[in-house]
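**Student:** Chains as they are written, first to last, in my numbering: chain W, 1 to 115; chain X, 116 to 227.
Quick caveat, the hints were computed from the structure, so don't treat them as lab data. Quick reminder that beta carbons are idealized off the backbone N, C-alpha and C, glycines included. Check before you lean on any hint, since a few could be wrong.
Stated by the list, open to error - Once the Cα atoms are required to be at most 25 Å apart in a straight line, the calculated DSS-like pairs of lysine-lysine come out as:
hint, chain 1, residue 1, chain 2, residue 2
1, X, K171, W, K65
2, X, K141, X, K184
3, X, K214, W, K7
4, X, K184, X, K214
5, X, K171, X, K185
Stated by the list, open to error - Pulled from the structure, derived: some chain W residues nowhere near chain X, Cβ distances all over 12 Å:
hint, residue
6, I4
7, T17
8, D26
9, Q28
10, S53
11, V62
12, I63
13, D64
14, S69
15, L73
16, T74
17, T79
18, S94
19, P96
20, N102
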Amino acid sequence: SAVISQKPSRDICQRGTSLTIQCQVDSQVTMMFWYRQQPGQSLTLIATANQGSEATYESGFVIDKFPISRPNLTFSTLTVSNMSPEDSSIYLCSVPGRVRDNEQFFGPGTRLTVL
Amino acid sequence: SQQGEEDPQALSIQEGENATMNCSYKTSINNLQWYRQNSGRGLVHLILIRSNEREKHSGRLRVTLDTSKKSSSLLITASRAADTASYFCATGRMDSSYKLIFGSGTRLLVRP
Numbered sequence: 001s002a003v004i005s006q007k008p009s010r011d012i013c014q015r016g017t018s019l020t021i022q023c024q025v026d027s028q029v030t031m032m033f034w035y036r037q038q039p040g041q042s043l044t045l046i047a048t049a050n051q052g053s054e055a056t057y058e059s060g061f062v063i064d065k066f067p068i069s070r071p072n073l074t075f076s077t078l079t080v081s082n083m084s085p086e087d088s089s090i091y092l093c094s095v096p097g098r099v100r101d102n103e104q105f106f107g108p109g110t111r112l113t114v115l
Numbered sequence: 116s117q118q119g120e121e122d123p124q125a126l127s128i129q130e131g132e133n134a135t136m137n138c139s140y141k142t143s144i145n146n147l148q149w150y151r152q153n154s155g156r157g158l159v160h161l162i163l164i165r166s167n168e169r170e171k172h173s174g175r176l177r178v179t180l181d182t183s184k185k186s187s188s189l190l191i192t193a194s195r196a197a198d199t200a201s202y203f204c205a206t207g208r209m210d211s212s213y214k215l216i217f218g219s220g221t222r223l224l225v226r227p
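Work out the full structure, taking the sequences as your base and the hints as a guide.
**Tutor:** What follows is the structure, given as structure tokens:
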């Protein structure tokens, strides 16, 4: 299994500002995923981050709002831009486990509150 | 978009009792997985059942899958206070994208 860390673990931000969330994995992985979990809700996939190529965004999520970097096989960042209170959520990164199945290992999450 | 619906949304039981959670999904799947989330933290993978399997056990967990009804259930036997968490089902797609679609979740409270 992979060990994943995220920074920051939580933050309180002002409307209109941006926050960059970091995700670090203890092994090299081709794909990393970013999810959003709004208060009391389930997880929604934001995008898939592949090393060496542009991230692939899911419907409803755009690069201008959630730019993603993937500089190497163990690290990725997600930026939440021009934040509004509606962006208050837990943001989680994950990586795939075994090749045969698509179980995923998750980071501890970043709890974001936008005032 | 969310594929799965889970019921109940919330479940409160006494320690020692069994807890059953159900999950329904809409499209064809490669596998179905269950995850646990404690207090808004990261998710922990519990168990995976493939589309050609009907039942799987892991410790106190028992998962069933009925692909004809597009439904699954998670049974936790002899529950403990430490089982208090939110439980999510997630379906794996038939392609190689590794994407998961999560259900709405069940909040389980196990009273000591």
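**Student:** Indicate, hint by hint, whether the structure satisfies it.
**Tutor:** Right, here's what the structure says about each hint:
no. : hint              : in the structure
1   : X:K171 <-> W:K65  : 41 Å, violated
2   : X:K141 <-> X:K184 : 9 Å, holds
3   : X:K214 <-> W:K7   : 23 Å, holds
4   : X:K184 <-> X:K214 : 22 Å, holds
5   : X:K171 <-> X:K185 : 16 Å, holds
6   : I4                : 8 Å, violated
7   : T17               : 22 Å, holds
8   : D26               : 14 Å, holds
9   : Q28               : 16 Å, holds
10  : S53               : 14 Å, holds
11  : V62               : 16 Å, holds
12  : I63               : 18 Å, holds
13  : D64               : 21 Å, holds
14  : S69               : 20 Å, holds
15  : L73               : 15 Å, holds
16  : T74               : 17 Å, holds
17  : T79               : 20 Å, holds
18  : S94               : 8 Å, violated
19  : P96               : 5 Å, violated
20  : N102              : 4 Å, violated
Taken one by one, the earlier hints fail for this structure at numbers 1, 6, 18, 19 and 20, listed in ascending order.
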